[in-house]
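There are 2 protein chains.
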Amino acid sequence: MKSLLIVCDGMGDRLTDGKTPLEVAYTPNMDKLASVGINGIMDSIRAGIRPGSDTAHISLFGYDPYKVYTGRGPFAAAGVGLELKKGDLALRCNFATLDENGIIIDRRAGRDEYGLDELASSLDGLEIENFDIIFKRSGGHRAALVIRRSELLGPYELSSRIIEPDPHIAGVGIAKAEALDASPQSRYTADILNEFVKRAIEILREHRINKERIEAGKLPANAILPRGVGTKPEIESFEHKYGIRGASVSGMALIKGICRTIGLDVIEVENATGHVDSNIGGKADAAIKALEEYDFVFLHIKGTDEASHDGNFDGKKNMIERVDREVMGKILGEVDLGGVNVVLTSDHATPISIKQHTADPNPIVIAGDVRTDLVTKFNERDCARGDLGRIRGRDLMNILMDLSDKAKLFGA
Amino acid sequence: MKSLLIVCDGMGDRLTDGKTPLEVAYTPNMDKLASVGINGIMDSIRAGIRPGSDTAHISLFGYDPYKVYTGRGPFAAAGVGLELKKGDLALRCNFATLDENGIIIDRRAGRDEYGLDELASSLDGLEIENFDIIFKRSGGHRAALVIRRSELLGPYELSSRIIEPDPHIAGVGIAKAEALDASPQSRYTADILNEFVKRAIEILREHRINKERIEAGKLPANAILPRGVGTKPEIESFEHKYGIRGASVSGMALIKGICRTIGLDVIEVENATGHVDSNIGGKADAAIKALEEYDFVFLHIKGTDEASHDGNFDGKKNMIERVDREVMGKILGEVDLGGVNVVLTSDHATPISIKQHTADPNPIVIAGDVRTDLVTKFNERDCARGDLGRIRGRDLMNILMDLSDKAKLFGA
Chain W
-5 MKSLLIVCDG MGDRLTDGKT PLEVAYTPNM DKLASVGING IMDSIRAGIR
45 PGSDTAHISL FGYDPYKVYT GRGPFAAAGV GLELKKGDLA LRCNFATLDE
95 NGIIIDRRAG RDEYGLDELA SSLDGLEIEN FDIIFKRSGG HRAALVIRRS
145 ELLGPYELSS RIIEPDPHIA GVGIAKAEAL DASPQSRYTA DILNEFVKRA
195 IEILREHRIN KERIEAGKLP ANAILPRGVG TKPEIESFEH KYGIRGASVS
245 GMALIKGICR TIGLDVIEVE NATGHVDSNI GGKADAAIKA LEEYDFVFLH
295 IKGTDEASHD GNFDGKKNMI ERVDREVMGK ILGEVDLGGV NVVLTSDHAT
345 PISIKQHTAD PNPIVIAGDV RTDLVTKFNE RDCARGDLGR IRGRDLMNIL
395 MDLSDKAKLF GA
Chain V
-5 MKSLLIVCDG MGDRLTDGKT PLEVAYTPNM DKLASVGING IMDSIRAGIR
45 PGSDTAHISL FGYDPYKVYT GRGPFAAAGV GLELKKGDLA LRCNFATLDE
95 NGIIIDRRAG RDEYGLDELA SSLDGLEIEN FDIIFKRSGG HRAALVIRRS
145 ELLGPYELSS RIIEPDPHIA GVGIAKAEAL DASPQSRYTA DILNEFVKRA
195 IEILREHRIN KERIEAGKLP ANAILPRGVG TKPEIESFEH KYGIRGASVS
245 GMALIKGICR TIGLDVIEVE NATGHVDSNI GGKADAAIKA LEEYDFVFLH
295 IKGTDEASHD GNFDGKKNMI ERVDREVMGK ILGEVDLGGV NVVLTSDHAT
345 PISIKQHTAD PNPIVIAGDV RTDLVTKFNE RDCARGDLGR IRGRDLMNIL
395 MDLSDKAKLF GA
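Going down the list, the protein sequences come from chains W and V. Mapping of the first sequence onto the working numbering: position 412 corresponds to residue 406, and the numbering continues sequentially without gaps. Mapping of the second sequence onto the working numbering: position 138 corresponds to residue 132, and the numbering continues sequentially without gaps.
Incorrect hints may appear among the rest.
Cross-link-like lysine-lysine pairs, in silico, DSS-like; alpha carbons within 25 angstroms at most [what the hints assert, rightly or not]: (1) V:K26 to V:K349; (2) V:K130 to V:K235; (3) V:K400 to W:K349; (4) W:K61 to V:K235; (5) V:K400 to W:K226; (6) V:K235 to W:K13; (7) V:K371 to W:K13; (8) V:K402 to W:K349; (9) V:K13 to W:K61; (10) W:K13 to V:K26; (11) W:K61 to V:K61.
Every beta carbon over 12 angstroms from chain V, so not counted as near; a handful from chain W, in silico [stated by the list, open to error]: (12) P59; (13) G65; (14) I157; (15) D376.
Since the hints were made in silico from the structure, they are not lab data. Ideal Cβ placement from N, Cα and C applies to all residues, glycine included.
Take the sequences, apply the hints, and build the full model.
Right, dumping it as structure tokens:
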């Protein structure tokens, strides 16, 4: 059998006026899946640990984030198609606005994307002390930065043991990168990063685009704030780990980056934005189509998390209902549960009341070649009463490989 | 939000005539908590592992007892206010009675406390081969022993790899401490301990107090039985680990010792004895008051375990009913579940039929910002049907920090 894993980012929740958004939403298709499947709850990493979207997905794909996660930067880089080499350092960056005194007045340059591609190009290809700067724009005000030793000089490992330049708040100056240990690598890395931040300000300040932005009354994108520093993760490929080929459908650069890093093919879908208005029907079509070619297909939907971070109960409920109608309806209609084990879950909760990720366990249903149970509604509390019990995210892929009869025997 | 963790020592049980003491006891307040909370069962350490009260609590506070637990002695020492230094060795001791042939005739000197403080003083401050003896009475017939290298001579680490003098049974002589490995530290430690046991007998035998005890028809406290040998545990402070300050209310020296060792403030309550007649209402008051100042308060009640070790079903049932009335009633009346997550559980089972600790999982309820479930009675079997599922003790603090919105994100 094949496997289809659908993750609705941040879909799990706590109670608002005694109910969760999943409990209030009208979700006949999700409930159908619960009725014909086995249900449970899942701690993405372990009980009580609040996962990032990155560490949660690493865990859901069966890897131990405590061992392979070095920081978000490498996945941001992979998300825009940059392939890291051993020794590379990767960071995610914001275009930001500084005032004349070097104080950050907007960490996202007014969220105005005008000319950002061109500004990014002006920083790409710089050389700093025998290191190459690779700089590529991602979505919105974001970009990925890779620092790589010049090939002529041979390998030199940069270090992630540094304080990052991004102070994470406005109203202050850019932080000075500093080594967190006494290694020459860490000191060297901090020096290069400081020099990059300085050179970027010099180049962006004088750039034609920023003059146009100012003339048009927009905030200039006159500085870069790097954060999420990490080195190339040492991670076994998905294909090697499970012996099958997989594909992914996601609108979010970070998730694409994780998928590329483990070797899942990334299928691009038009207007898959990662927002609540994303073309999720198109993503469902793409995932269903990919099942013809691949043994494992991963479908990621971000809009549920977006509404949650905004604390918008009705927005989340509506997004869940869109997923039910435009994704789950299609999947129930077109995917044969005799040939595909279908999983629906979330990567973490993002409760409306908290507006950020929490560790509340995720509802999960697996339909296909499973021992069905008595649960008939897909939500946090009904799933908790299902026969799957409380499982860990890191075990999910093994469970799926087992159900699909693609698991290897341990022992004899 | 804040957190209040109430642990009734040894409260969990197995079936006696088809019911557990919790199932038979009248506990309207515990049941109320179950009704408004989320319920489950918890393995303090891991399924099937019988926890001591020390290792169970270490685990409940989120530490791995397999890594930090070196023996009970250090916590007994901390429980009477002794602060260990690196290299120190700590043991817990009984005052015992030897006959004229050196045979132990009572491991607890008849449980008669007459003059024990004075006897303890006579051993405190001895010097044995450049090591200082610190000896302090604890509750009842118990005392704590610390062996410390003389400061003038600089550090020397003693070893816990020895056979202890306490044979744990009467009718035999005191065992000879022996090294369990070939290190000089272990051999040295055994020698010092043997010399201490010998010197203690010499001093106690001739002591005025023991003459008075014999004249009054009491058993003399003429020997010391050291056991629970351990070195200073290397343990991260609670405040550093969770980023909050915590306080504890307990009548039991060992538990106070664990709390002091991890840096929880220890609040003393008058007549909090750790027995079934303890002033548990006063302890509840102290815990409720401490919630004003601290983000985390731990309330420990020992009487449930005491009745269990005696195999006294009705005594245990009565103690549970006292806890329900005098502790849980107060807490439900005075603690706002909108601002405090309240947990009620036990650290291990002590079944009436077994009379010692077992690994049966503990019933647990968490009330506050939780997804409530359908459980309406607080006991082993009803809780097992709750939505919390089966969790591990070591995850409890992380779960509480997450529910209280005080957890850090792992990843981004």
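Going through the hints against the structure:
no. : hint             : verdict
1   : V:K26 to V:K349  : violated (29 angstroms)
2   : V:K130 to V:K235 : violated (31 angstroms)
3   : V:K400 to W:K349 : holds (13 angstroms)
4   : W:K61 to V:K235  : holds (20 angstroms)
5   : V:K400 to W:K226 : violated (31 angstroms)
6   : V:K235 to W:K13  : violated (33 angstroms)
7   : V:K371 to W:K13  : holds (22 angstroms)
8   : V:K402 to W:K349 : holds (14 angstroms)
9   : V:K13 to W:K61   : violated (46 angstroms)
10  : W:K13 to V:K26   : holds (20 angstroms)
11  : W:K61 to V:K61   : holds (19 angstroms)
12  : P59              : violated (7 angstroms)
13  : G65              : violated (8 angstroms)
14  : I157             : holds (16 angstroms)
15  : D376             : violated (9 angstroms)
Consistency note: the structure conflicts with the earlier hints numbered 1, 2, 5, 6, 9, 12, 13 and 15.
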